[in-house]
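Quick mapping for you: the protein sequence lines, in order, are chains A and B.
Heads up: the first sequence at position 18 corresponds to 18 in my numbering, and the numbers run straight through without jumps.
Heads up: take any position in the second sequence, counting from 1, add 1000, and you land on my numbering.
Treat each hint with caution, since some may be false.
[To be verified] Capping the alpha-carbon separation at 25 Å, the derived lysine-lysine pairs in BS3-like fashion look like this:
| no. | chain 1 | residue 1 | chain 2 | residue 2 |
| --- | --- | --- | --- | --- |
| 1 | A | 180 | A | 101 |
| 2 | A | 58 | A | 232 |
| 3 | A | 9 | B | 1098 |
| 4 | B | 1070 | A | 9 |
| 5 | A | 105 | B | 1007 |
Hint data in this document are derived by calculation from the structure and do not stem from the laboratory.
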Amino acid sequence: MYMRRYLNKTLIYSLLILLAVISFIPFYMMIVNATRETKDIIMGFSFLPGNALIENYKTMMDYVNIWAGFKNSLIVSVTVTVLSGYFSALTAFGFAVYNFKGKNKLFIFMLLMMMVPGQLGLIGFYELNKALGFLDTFIPLIVPAIASPFVVFFLRQYLASTLHPSLLEAARMDGASELKIFHTIALPIMMPAVATMSIFTFIGSWNNYILPLVVIFSPEKYTLPVLMGFLKGSQVAQNLGSMYLGIAISVVPIMIAFLFFSKYIISSISAGSVKG
Amino acid sequence: MKKLDHKGYYFIAPFFIIFLIFNIYPVLLTFYYTFTHYEGYGSPEFIGLANYARIFTDTQFLEAFVNTWKIWGFNFALQLGIALFLAALFSDLRFRIKGLGFFRAIFYLPNLITISSVAILFNIMLDWHYGSVNQFLMNIGLISEPINWLNQPFTAQVSVSLILTWMWFGYTFIVLMAGVSGISKEYYEAALIDGANRIQTFLYITLPLLKPIMLYVMITSLIGGLQLFDLPMLLTDGLGNPEGALNTMVLYLYNQAFRYNNYGYAATIAYMLFLITVVFSAITFKSMYREVNGSKATSKSKKRKAKNAKKRGNVHVYEKVSKQNTYI
C-alpha cells in the first residue's frame, strides 16, 4: 500500500517536472543557440552553449538595431500604463463618487463597448489616424489608452468598496477642491488596484503586435514585436545564431521581470478570474 | 435619493472624449465602409450590400473560418484537458503535492512572452532540416526522418494548436486553481469520509463546482481564439500558407485591408467576425449556463452522499454545492 502510494507520487512529480521542462525548454534552446555558430546549429542539436555570442551580436546589430525597438516599446508601454492608470482612476472616481444625470446609462454603455473586440474598428481607426496625420507616430498607440473601459470598471468596483463617503465630507469641510480630493485621498486609496491593472496594461501594450504593425512604417520607430517580424524578413534570418540572439534579447528581460513579479501576477490573475 | 452633482462630468469627460474619437468613431466608420468599395485613396464608393453578398460566397473566408475553429478547438480541448488534470492533482487532499507556486509560475511563463517572439522562435525551431525540434525528435529516435512541420497543411495547423496550448495551459490552470481554492474544503472532507475515490471526488465535486469558471475560461479563450493573428502571420509567409491552412479570419482581414487595399471588404470581414464572436459566445454561455443550473444533485449517489453528509453534521453539503453553482 505504502509502496503504491510512493510510486503514484513519483509518477505525478515526474509528470509535473516533464510539463515544466516542456514549458521552459524552448527558451533554453533559444538561449543556447544564441551563443552558437550558425553552422553548428545546422549540424545538430546541443544542450551546451557555444562561444559565438559576441559574433552573433555583431552580425545582428549590423542589420537591425534591436535596442531601438526596445526603447520604442518601453516609451510606448510606459506612457500607456501611466495614462491608462491615471485617467481610469479619474473616471472611476467620477462614477463612484458623484451622482449625475445619465450616469448609469453611460456606465452600461461603457461596459457594452468593453465586449467589442479590438479588430472591429481597426480599418476605421487606421483611416481616422490617416486623416488626422497621426500615422507613423506613437500617438495612435498611446492616446487611446486614456479610455480603458476594463480598468475603469475594475477601479470603480474597487473604489465602491474601499472609499468611505465620510472621508470626502471631511476633506470638503477643510475646503479642498474636488480635484485635490481625488489626488490626495482617492488616488492613494486606489493605488493597489491601479498597480494590479498596470501590470496587465503594460504586458498588453508591450506584446501588442497588430496595431503598431498597421500604423508604424519607419523601421526606426518599430516596437519590439514588429521589429521581430522585420528581423525574420531581413538578412539576419540567414544567420540562425543571430536570429536566436535577437529573439532572446526580446524575451529575456520579460523573463527576469517575471522572476520578481510572478507571485503578484499570478495572484492577480486568480483574483480577476474569480471576481470577473 | 442623493442630490445630483454635475461635477462628475468633469471627471469622466477625458475618458469619453477619447473613447468617442478613438473607439466609437472608428467602429462606426468601419460599419460605413462595409457598404462601400474603398481602396484607401479617393472617397469610398457606395455599393450597398455587395460586400455582404460577397462574403457569404467567399470560399477563402469560409476556409479562414474553418481553420480558425480547427486550430482553436484542438488547442482548447487539449489545454482544458491538461489544466483540469493538473487542477485535479493539486486539489486532491490525499496527494498533498508540493510546489504549487513553482509549477504555476513555470507553466505560466510562456503566456507572458510576446507572441511575435514566440512565433519567430518556433518559425526557426520548426524548420524542416535545421530546426531544433526535428533534430531533438530524431536524436531521441521518436521520428526517423524530419517532419516538414510548417509546409504541410495538417502539420502546420497542429503546430499552431500545440504552440497555443503550450502558451495557454498554464493560464487556464491558474484560473481553474483559483476556482478550486474557492471550493469549501468541507466537500472534500465529506467525500473523503464517505469513501469516495479520487475519480468520484473529481467528477461529482470539483468538476460541477468548476463549471462557472470553466465558462469564463471558455468564453475568454473563444474570443481570443477567434482573433488569432500573430502566430499564423509570423510562423509562415503571412499569407496563410501552406495551402491556406493558416489563413485565419483576422489574418484574412489584415491582408485584405493592408496588403490588397480592399478596405471596404476588410471592414465587412471585421463585422462578420464580430457577429460570429457574439453568436458563439452567446451559445457557449447559454449551453453552459443551463448545464450549470441543471446539475442540481440529480444522481442517486449524490443524494445519498448528501444525506450522509447531513448525518455527520456537515451542513447541507449538496445544497451548498448547488447554491454555489448559481453564482456568476
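Against the structure, the hints:
Only pairs whose Cα atoms come within 25 Å are accepted, and residue 180 of chain A paired with residue 101 of chain A is accepted, the gap being roughly 23 Å. With a C-alpha separation of about 17 Å, the suggested pairing of residue 58 of chain A with residue 232 of chain A holds against the 25 Å cut-off. Note on residue 9 of chain A and residue 1098 of chain B: the hinted pairing holds, with a Cα-Cα distance of about 11 Å set against a maximum of 25 Å. Taken as a hint, the residue 1070 of chain B and residue 9 of chain A pair is broken in the structure, with Cα atoms around 36 Å apart against an allowance of 25 Å.
For the hint pairing residue 105 of chain A with residue 1007 of chain B, the CA-to-CA distance comes to about 17 Å; that is within 25 Å, so the pair holds.
In summary, the one numbered hint that this structure violates is 4.
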